[in-house]
Amino acid sequence: MHEPFATWILEEEPLSPAQRTALKAHLAQCPSCRNLDMGWQAAHRALRHYPESSPPPGYLLRWQTYRERQKKRRQYQVWASSLLAITGLGVTIGLSWAFGLTPLDWLTQGILAGVRGVVWAQAFWTLLNTLGHLLPRPIETFLLISVNLGGSALVALWVWCLTRLPQRAPLPSSSHGM
Amino acid sequence: MPEPSSASTCEEQEVRQACQGDMAAFDRLVARYYRRVYTLCLSILEDPAEAEEATQETFWRAYRHLKRYDPQRPFRTWLLSIAAHHAIDRRRRRRATVPWPEDLPTETPSPEEHLLRKEAHERIRRLVGQLPPTERAMVLLRYWEGASYREIAQALHLSESAVKSRLFRIRRTLAQAYQEQLVEEKVNA
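These protein sequence lines map, in sequence, to chains A and B.
Count the first sequence with this note's numbering and you get residues 1 to 178, in order.
Count the second sequence with this note's numbering and you get residues 1001 to 1189, in order.
If you're looking for bench data, these hints aren't it; they were derived computationally from the structure.
Hints may be right or wrong, so weigh each one.
Straight line, CA to CA, 20 Å or less: simulated DMTMM-like cross-link-like pairs of lysine to aspartate or glutamate [what the hints assert, rightly or not]:
1. B:Lys1118 / B:Glu1185
2. A:Lys71 / B:Asp1022
3. B:Lys1164 / A:Glu68
So here's chain A without its partners, still in its complex pose (with noise of 0.2 Å):
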């Protein structure tokens, strides 16, 4: 293909007076470019009126039925989550009055539970350091880069697991104009 000019043909800024003549000029003696060309124009045309189909006839009463349909599950989504969210918070509640628990102590446990974590991934990491020190200088690269790998490799399968769940796709802002 002969560059600029296949690049011009293709182009959706508009060209300047200059380039609009080279362009005129270069197409009345290359056969090539005047293929690209015509093609372009013809495909362009043909997808300006692409044709429409139509769904069976009938649609608009099948939407009505479907949006309906949609309406009461959606009615039924709210009554249910309402539901367990109070009948959870009725258990802890429970629980909490069985045990003679307050929510402080809730609140309290699960900083606890969140501090234990980073305490044991932190002597995870130490042990591992301790033992890297003990074996010889390539073991222990090794053994450091193969945890950083599996780690890693772990982390994104699980965010590929996550992205593969079926998700309902997020709608477009629109927050601007053409």
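Please build the complex by placing chain B on the supplied structure of chain A, with the hints as guidance.
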């Protein structure tokens, strides 16, 4: 500034009413755009039954999120953005191809015109159908719907520069393929 056409004024009014909870106004918008939404979904999904489901879901999502709609933007483009995103998402979860349904019947042309038009429709559908689903959505949003690069980028969660460069490649592919197809058809004829 061009004067707004009566159709667009009517649409704006319907969108406003729908935003205020007027179900009948939203149904009128559905009646106006379901063919367009369905066509886009069908071009991506290639299965009429699934395209209809995707169309229903598109309208349901639009209905639920009407408050997020920016009136500065064409309603139709917003709707088609939702449709493109949803159809691509559905397409990713399955791979099956089903033949195209018949075209929407329009005014009655002569048999010769009808044949030529049908051939042209088949040609462009075949070409668009050869593109990957995201690129199909891109090309239809851009050249059929007239969406801006920014709108396409937002709809398909891509950067504007990615949309620009991919569309440039698509234009080249389509231009070459279209020309080749025409030559092939002439040879066969």
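Structure-based check of all given hints:
no., hint, result
1, B:Lys1118 / B:Glu1185, "holds, 14 Å"
2, A:Lys71 / B:Asp1022, "holds, 15 Å"
3, B:Lys1164 / A:Glu68, "violated, 40 Å"
Comparing the model with each numbered hint stated earlier shows that hint 3 is the single one that does not hold.
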